[in-house]
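> Chains as they are written, first to last, in this note's numbering: chain A, 1 to 324; chain B, 1 to 279.
Watch out, some of these pointers could steer you wrong.
What the hints assert, rightly or not - Reference listing, derived: stretches of chain A covered by chain B, where coverage requires no fewer than 3 residues with Cβ under 8 Å from a Cβ of chain B: (1) 37-43; (2) 61-74; (3) 118-128; (4) 160-173; (5) 193-205; (6) 263-275; (7) 294-302.
To be clear, the hints were calculated from the coordinates, so they are not data collected in a lab. Glycine included, C-beta positions come from ideal geometry on N, C-alpha and C.
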Amino acid sequence: MVDLDTRVRPESPSPTTAPATRRRPRRQLLPYLLLIPAVVLELLIHIVPMLVGIFISFLHLTQFYIANWRQAPAAGLSNYRYALDFNQAAGKELLHSFLITLVFTVVVLAVSWALGMAAAVFLQRPFPGRAIIRTIFLIPYALPVFASVITWNFMLQRDNGVVNHVLVDQLHLVGGDRPFWLIGPNSFYSLVIVEVWRTWPFAFLMLTAGMQSISQDLYEAAGLDGAGVWAQFRGITLPMLRPVNRVLLLVLFLWTFNDFTTPYTLFGRGAPRQADLISMHIYQNSFVTWNFGTGSAMSVLLLLFLLVITGGYLRIANRGAQDA
Amino acid sequence: MRESTSFKWTRAIGLTLLAGFALLPVWVMVTSALKPLADVQDRFSWFPSHLTTQPFVDMWHTIPLASYFVNSIVVSTVASIASVLVALLAAYALSRYRFRGRQTFSVVVLSTQMFPGILFLLPLYVIFVNISNSTGLQLYGSRTGLIITYMTFTLPFAIWMLAGYLDSVPRELDEAAKVDGCGPLGSFVRVVIPAATPGIVAVLIYAFMTAWGEVLFASVLTDDSTRTLAVGLQEYATQNNVYWNQIMAAALTVSVPIVIGFLLLQRYLVAGMTAGAVK
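My request is simple: use the sequences and hints to build the entire structure.
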């Protein structure tokens, strides 16, 4: 392992230098052959189901037709009208879930980024114990989600959980009845806290990696000019991290927005209305009513939204990159 | 570089709070797993009234945990190995060759990573049910269906990470192997793969972790006999009496191998995961 260390250094990948000058026709078949297994799998599990999903969204695919979906009657746009009719219960609930998810995502993104950034700055320069703290910060990320979130479920129990024990029994911050954390309005805050706990170490990881590529000379020069820690952060660290942030914010947004595991493990199959994230909403809607047509229409709408957001974001981010 | 005293204090307080936040669930998990049942049914206590390992014995009987364990191990192992093999071939093509469609392939594969899982779930369920009905090939409710699904899910990220690792293996090694009479695949197997081994192991761990923790598809594509831990652990909560000490013992048991694997290989994992963004 140590021997290999000296040869493999993924931290600084050498720029890709293609053997383009010695291209021979016989050899050019090989890359395609190498890609075949990956392409077949991608087609089978990603591309084809996506197309089938779009197709299903135009069908009345109820439980009678699931075993034989080609027999399902066409629905035209009625599934979409159903999902987007905000005067009816289904459309109203979908809109509600969408807005909840949006607020949830923005809050989690902001807090996770801030915590990750703080941790990365604190650990930027060596000091005794740095390696241990770094490892501690990685633990929430390394734990299997279902195991850590079920622990949070226990911690947020009303009668025997640690959260109420601290808030009510030890600090006496909450008077009166012990609050519920997994049902009712508080469930939203519980979900935010658990999601932040899971997400900020990833922000920390990415930002730490980004900081490693910032030259120490910059800080030393700034230090000679009398710039304090805060001025150095604003003048050097933040601008130099712009490329990392560009990717990090998008990835965090998509992961948080699409998250299913956390609400499912925290609340079980019945998420409270105040914490009804969009993936859970579509899932419950589809497997409670067994109407896959409307579920697929909602999924396609979700995909369109994410495509618009991602496309718009990348345009703005790339324009920003060219100006900089 | 001198650091001001106020910065050091801010740092000490900030790091303490963050470490406390990160470790609180770990503390609850570990101590509760060692508590007798009465401790976890009453008000929370920071320490067990007395230490017991009984939850680690009882947890196997409350739900069919052993069966879920086997399912998770089989599914995650096969899916991660298969995924890395497929990803290695693709990554080698992306790293060592310039060909038409290279860019398109990378973009399409990576973009599937951002799509919501729920988008694939319903059609995949319908497709699996229909394949099972018409051909008798059991994809729905079987480990095979789950394995194929998981290996595809880890594929985009695995290809991306592996291409980064292979890029960092000097091309002079390929050339030297070629001089020694190796063909392109020969030099790949004999020279490039050995040189990239830490990276490959890191991707293997990543793929294993992903499969181990996946809930959405496992909740729909498995039945009682093929259920994985990620979904099965929920069943403790549906018992009449919620044995939180057993749940914590089980959560700890399923976490320890993953966390150890992650921490041992964190250097390579972190490097691989962040390389694309930092580049």
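> Next step is simple, just say for each hint if it's right about the structure.
Here is how each hint holds up against the structure:
{"no.": "1", "hint": "37-43", "in the structure": "holds (count 5)"}
{"no.": "2", "hint": "61-74", "in the structure": "holds (count 5)"}
{"no.": "3", "hint": "118-128", "in the structure": "holds (count 5)"}
{"no.": "4", "hint": "160-173", "in the structure": "holds (count 6)"}
{"no.": "5", "hint": "193-205", "in the structure": "holds (count 3)"}
{"no.": "6", "hint": "263-275", "in the structure": "holds (count 3)"}
{"no.": "7", "hint": "294-302", "in the structure": "holds (count 5)"}
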